[in-house]
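Chemist: Working from the sequences, and respecting the hints, build out all of it.
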Amino acid sequence: MTDLTQAGCRSTPVLRERGQREVFCGLTGIIWLHRKMQDAFFLVVGSRTCAHLLQSAAGVMIFAEPRFGTAVLEEKDLAGIADANAELDREVARLLARRPDIRQLFLVGSCPSEVIKLDLSRAAERLSVTHGPTVRVLNFSGSGIETTFTEGEDACLASMVPTLRETHDKELLIVGALPDVVEDQALALLGQIGVNPVRCLPAKRAELDPAIGPNTRYALTQPFLGETHAALQRRGARIISAPFPFGAEGTTLWLKAVAAEFGIGPDKVDAVVAAPRARAEKAIAAAARTLRGKRIFFMPDSQLEIPLARFLTRECGMEAVEISTPYLHSDIHGPELDLIAAGPTLSEGQDVDLQLDRVRTTRPDLTVCGLGLANPLEAEGLATKWAIELVFTPVHFYEQAGDLAALFARPLRRREILAASHPNRMEAAE
Amino acid sequence: MKLAVWTYEGPPHVGAMRVATGMRDLHMVLHAPQGDTYADLLFTMIERRNHRPPVSYTTFQARDLGADTAGLFMTAARDAHARFKPQALLVAASCTAELIQDDPGGLAETMGLPVPVIALELPSYQRKENFGCDEAFLQLCRALARPMERTTRVTCNILGPTALGFRHRDDAQEITALLSEMGVEVNVCAPMGASPADIARMGQAHFNVLLYPETAEAAARWLEREHGQPYTRTIPIGTNATRAFIEEVRALSGSSLPVDESRLRQPWWAASVDSTYLTGKRVFLFGDGTHVMAAAKVARDEMGFEVCGMGCYNREQARPLRALAREFGLEALITDDYLEVEAAIEQTAPEMILGTQMERHIGKRLGIPCAVISAPVHVQDFPARYSPQMGFEGANVLFDTWVHPLVMGLEEHLLTMFREDFEFHDAAGPSHHGGKAQPLTQSATVPHGTAAEGGSTPPPAASLPAGMPSLDNIVWLTCAERELKKIPFFVRGKARRNTEKFAVEKGLHEISVDTLYEAKAHYAR
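Keeping their order, the protein sequence lines are chains A and B.
The working numbering numbers the first residue of the first sequence as 1 and each following residue consecutively.
The working numbering numbers the first residue of the second sequence as 431 and each following residue consecutively.
Derived from the structure by calculation, the hints contain no laboratory data.
For glycine and all other residues, C-beta sits at the position ideal for the given N, C-alpha and C.
Among the hints, erroneous ones may be present.
[Stated by the list, open to error] Here are some chain A residues the structure puts well away from chain B; computed CB gaps all over 10 Å:
1. D39
2. R48
3. R122
4. S143
5. L208
6. A260
7. A274
[Stated by the list, open to error] Take a look, some chain B residues computed to stay more than 12 Å from chain A by CB distance:
8. R479
9. L529
10. A549
11. A648
12. E656
13. P660
14. L694
15. L708
16. Q787
[Claimed, not checked] Pairs of lysine-lysine, BS3-like flavour, derived with a Cα cap of 25 Å:
17. A/K76 with B/K432
18. A/K117 with B/K432
19. B/K950 with B/K916
20. A/K170 with A/K204
21. B/K794 with A/K36
Modeler: Right under this line is the structure:
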């Protein structure tokens, strides 16, 4: 492992910008949350724009009937809030009649519902009385005025925390919606290390939801769960502070921090993880052959930017030019910043035109950005990695570490393969 | 409030963006919350555009709402003008900005920008994407098109192509070439490819060619009224419609130049004996009104299909579509609820769907082949190759794309003859589509022994339904059900429906093998 004592960039001054932000709103999280929680339905109370975003952000429409939908506000709903509530109750009743398998219903606030001050928390209370105890009705906001992209998942999980049962048992809670395969791997590793019992938030089904209390110790698997972190603390649970489980190093540090909290020493962890860690390092090395020495620029998108920059600079030999994130939570991102060597610009927020100017000036080898910007940058001869793939792909823990590195290597390898016929071959030669 | 799972149309500001993105040297400032920038990816990913749409968003957040969202808008407008130096600026509000009533148009007017500023009113809670296209283009014409002298030579404008349109790029090219063959030059093609300066000189043309009423009918009407430019009514989709369009253009332009039809292959492809198997194939059409109406005529008159259902999602076209459906002996389905469309398709059991991206999914679910004829479409419907829907090449393209999803003629015969071959059975799907053929598995249990032996004995436990037989309470005997499964899948739906209808008419409560074949004889053509 690389030397941990070098100066990190926790104290690097942060460039804060305000201007046009080219980011998704929090509704986007529904795309993966609705598959993760198999008995949940996400009902966005919003406009045609919200519905259009959901089907466009999904990229392809999901073949099975999705467990999300939009109650589209119409002119008459705007005229009177009382009517809007009655309309909402009717739509929810119809929905639940059609989907008797639903046990958790999330009313998801949107920009228009917030601006007209439609109180979805009261609606959720009212509907819980009507449809409970079979169906639990919760609410959170996925609106663009309140949330940026992955903050939607954060808001959703935070809304669940107050409803969790109380326990005084010492349990580990893993927080963050992980792909099933990754969650299973994490549970297996923790089991072998000797940490138990382990619970997950969110659980696959409502009846599997964890209990929580002052002896709960939780570890975040995603760097964007600030509100959930706060809600868990309000319930008396204690965070296990660690870098995030990306890459061989991140995963090892995360597991060791968790193990330490449960009185298990690092030697035990090293023994258990020796084989998967070696596999991860081997797989990372393969992708790192492409990545080593290449310069990378992160546009703000998912809040995964800081942990990924740590992984790519420390384990893949890349050089970060600018690491930009929608929000920088110093206590959540702190352990990551400590590990990133000083040098790159750190920025929070966005003024997209100014930031694109910096991309054009610095001409990084790879720019991590949203879908709206990727092709335009490629057309200017700049290789890109679209960021949404990072939340749609299993990337955590050892067995996925190679895949994570490969996600960044692939656009570069592709450009090499296509070099002779690429429309920008002339510019590239300049 | 209305529950939507998938939508056929986006909000109206996306329509306005389609107009702006299609054009050159125009910029749009959209007052919109953070997150509405998702719309950029429609253009950069789905249509693979290599430039960002010319749209600046204010992307306000909650903290701005209490402060100064109007100031935010003005800053965005000023920055956009300074950075992009457009010839004209469109300003509009998305659904959320509409609620906060900052009046972007009024604000922009006070700023004294040195270019024309065109404000759009886009009622997001009433109207949709197509309205947004139509309205944005109309307002651009109203603000910019000046009265001008006609060109000496006969010219026309092409109206309607936008960004993200279904084959608009190629349609515009095909029709431009066709007009050129007729000696008619295109003065301006708009919105796609035009700059605000081009819009200003639209009045020079002698007439207009309206390709897509969805996106440009309001502008065509306004130009007719204000600039005395008549516009074409025929949508040149299919061989017959293209020929009719040529006649219409001749009448408007006085052109008598011959049009070369040697590259038109569709009529012979349809007439050649290999296509016989297409006869009477039942197709269900759904999409925007214009494309559905055109496709219905092509399907019936040029392909020899039977149109068994049609509908559109844009209410603006409901009236003409209903009239055409009546002419076909059908009732049109006018809805933007895709679940309703799915139910109608399931009930009609067509052999093929001609629809949108949405119907492609419905077809996948119901196991019915589908070809796409209308927006909304996805990335695979923006092909690299030239692939218009309009004109003579468009007719060729229609033939190819509509036949492609079907099982080929000879394959269909073989399946009918040897329907239970373990490798070559109907569940394997068309052989030219790849995909792995699943070996046929024998049904493990036969529910009713007596019936399974081939007789018409009813299942012992089934009590006969009381009352008059109807489509809801009719019972298929196991033997008949098994016989039905021997009918190839692409006609099975039709056979089931016809047999049930026949049984109800005959007052039968049960369907036996005999009923099945009596019905077959009854409906034989």
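Chemist: Against each hint, give a clear statement of whether it holds in the structure.
Modeler: These are the hints, each one checked on the structure:
no., hint, in the structure
1, D39, "18 Å, holds"
2, R48, "4 Å, violated"
3, R122, "16 Å, holds"
4, S143, "7 Å, violated"
5, L208, "27 Å, holds"
6, A260, "39 Å, holds"
7, A274, "40 Å, holds"
8, R479, "7 Å, violated"
9, L529, "5 Å, violated"
10, A549, "20 Å, holds"
11, A648, "20 Å, holds"
12, E656, "31 Å, holds"
13, P660, "35 Å, holds"
14, L694, "33 Å, holds"
15, L708, "28 Å, holds"
16, Q787, "7 Å, violated"
17, A/K76 with B/K432, "11 Å, holds"
18, A/K117 with B/K432, "19 Å, holds"
19, B/K950 with B/K916, "14 Å, holds"
20, A/K170 with A/K204, "22 Å, holds"
21, B/K794 with A/K36, "24 Å, holds"
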